[in-house]
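Asks: Please model the complete structure; the sequences and the hints are all you need to start from.
Under my numbering, read the sequence shown as residues 736 to 1146, first letter to last.
Derived by calculation from the structure, the hints in this document are not laboratory data. This one's a predicted model, so the numbers in the text were calculated from it and none came from an experiment. Hints are supplied without guarantee of correctness; some may be wrong.
Derived DSS-like pairs (lysine-lysine); straight-line CA-CA distance at most 30 Å [to be verified]:
no., residue 1, residue 2
1, 875, 1035
2, 991, 868
3, 1067, 1035
4, 868, 910
5, 946, 935
6, 991, 939
7, 875, 946
8, 809, 1093
9, 868, 935
10, 809, 1141
11, 919, 941
12, 868, 946
13, 919, 935
14, 946, 991
15, 1127, 809
16, 1067, 991
17, 1141, 1127
18, 1093, 1127
19, 910, 939
20, 991, 875
21, 946, 910
22, 875, 910
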Amino acid sequence: MRATNEAGVSQHHHPSSVPTPAKPASAAPRRSRKRLGFVLGGALVIAGGVLLLRRGGAEPQPPPAATADVPRAKGDHISYSPAFAARAQIEVTEVQEARLEPAISLVGTVDFDAEYVAAIGTRLRGLVSRVEKFEGDSVKAGEALALVQSAELGEAQAAVSMLQADYEAAEINAKREAALSERKLTTAREMEVATVEARKAALKLKAAQQKVAALGGLGAGSELGSRIVRSPIAGTVVERNVSPGQFVDGELVAFKVANLEHLWIELDVFERNLPHVRVGDRAELRPLTGGVALQGTVAKVASTIDPETHSAIVRIEVPNRDRQLRIGQAVKATLHSSGTEQARPVVPTSAITFVDGKPTVFVAVGPGEVVVTRVMPGANDSARTEILSGVKAGDRVVTSGVFALKSELFR
736 MRATNEAGVS QHHHPSSVPT PAKPASAAPR RSRKRLGFVL GGALVIAGGV
786 LLLRRGGAEP QPPPAATADV PRAKGDHISY SPAFAARAQI EVTEVQEARL
836 EPAISLVGTV DFDAEYVAAI GTRLRGLVSR VEKFEGDSVK AGEALALVQS
886 AELGEAQAAV SMLQADYEAA EINAKREAAL SERKLTTARE MEVATVEARK
936 AALKLKAAQQ KVAALGGLGA GSELGSRIVR SPIAGTVVER NVSPGQFVDG
986 ELVAFKVANL EHLWIELDVF ERNLPHVRVG DRAELRPLTG GVALQGTVAK
1036 VASTIDPETH SAIVRIEVPN RDRQLRIGQA VKATLHSSGT EQARPVVPTS
1086 AITFVDGKPT VFVAVGPGEV VVTRVMPGAN DSARTEILSG VKAGDRVVTS
1136 GVFALKSELF R
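Replies: And the structure:
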């Protein structure tokens, strides 16, 4: 039987009609959502922290770089550490006073010794008919070099022959007049005229003979019109300017003969070294190609200085009997002068360097500190150099590690 409630709604009390409670949601989706929430929350926390650090705090700084151990320049003073001194091998030496015997090293050129050279000319116009000697040949004094045929010489020799005959006739006439005068068979005037004519003939003959001699036509083996060109000295033919069949004039230098056992070495010596070079000083010479050292002597010091090179020519006489030296060859020369007159401050040559083109030393003024000092060098003996101004005896200068200190000036 259907029952009706107060609201008029009927209800069925059948067991199958009783409502069942709703089932709860699955647990797996809930766990995934929780995990995602934790991740997003952590990311937001980290991002917020980074943002706070950037806004409120300074960025982290890199560690400072190590300071380089190099010299420090301030004006003319340079300071450096003991470690740098050891690394650059800096050494300091005290300036001493001494009298140097300067040894000036130069490179010179081998040249002829003018006292042992002959320039032999043709002296006249003519035709070269024969050449007897050529370059490199040895000759003796008076030996024939060439033969030149000359009409000029032939005329001069013919004139000598004619004047010789005139002289002989005049001499005979003068003697005859003298004999007649003694016998009173001629006048005194005629005898005087004959004597004067003989003297005039003698003078004309002598002048003609001198002309022939000047043309080189006299001498053994000479022919009329032929001039034998001879060497006036013993030596070697070093130059020849004639060939057979060549026509020459009187101004041509046909041959040059030199005695190569006596040579000169020409050196260009700077004016600052000239006061230390004197005639008679010893010189040691050695070819740049090597060989045995030769000994020479300063023979001449030029009295003028070239304004462009600020140097003067110094000539060294050197014997060359072994023919070790050749003309034009480069030679290293070391001049050993007689030394300075008084003691002066000297420093090892290694202490001197050039800064801006001026000679400079580094004077030590304390531990790890030097002063750049300009100096005026004087003479040197290759190992030491005298100082004319800039430092004094007792000062201490850097002798090793100079380049390392110099480099700091251009840093």
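Asks: Compare the structure with each hint and give your call.
Replies: Tested hints:
no. : hint         : verdict
1   : 875 to 1035  : holds (29 Å)
2   : 991 to 868   : holds (11 Å)
3   : 1067 to 1035 : holds (18 Å)
4   : 868 to 910   : violated (50 Å)
5   : 946 to 935   : holds (17 Å)
6   : 991 to 939   : violated (34 Å)
7   : 875 to 946   : holds (26 Å)
8   : 809 to 1093  : holds (20 Å)
9   : 868 to 935   : violated (42 Å)
10  : 809 to 1141  : holds (13 Å)
11  : 919 to 941   : violated (33 Å)
12  : 868 to 946   : holds (26 Å)
13  : 919 to 935   : holds (25 Å)
14  : 946 to 991   : holds (24 Å)
15  : 1127 to 809  : holds (24 Å)
16  : 1067 to 991  : holds (27 Å)
17  : 1141 to 1127 : holds (21 Å)
18  : 1093 to 1127 : holds (18 Å)
19  : 910 to 939   : holds (19 Å)
20  : 991 to 875   : holds (13 Å)
21  : 946 to 910   : holds (28 Å)
22  : 875 to 910   : violated (46 Å)
Hints 4, 6, 9, 11, 22 from the list above are not met by this structure, while the remaining hints are.
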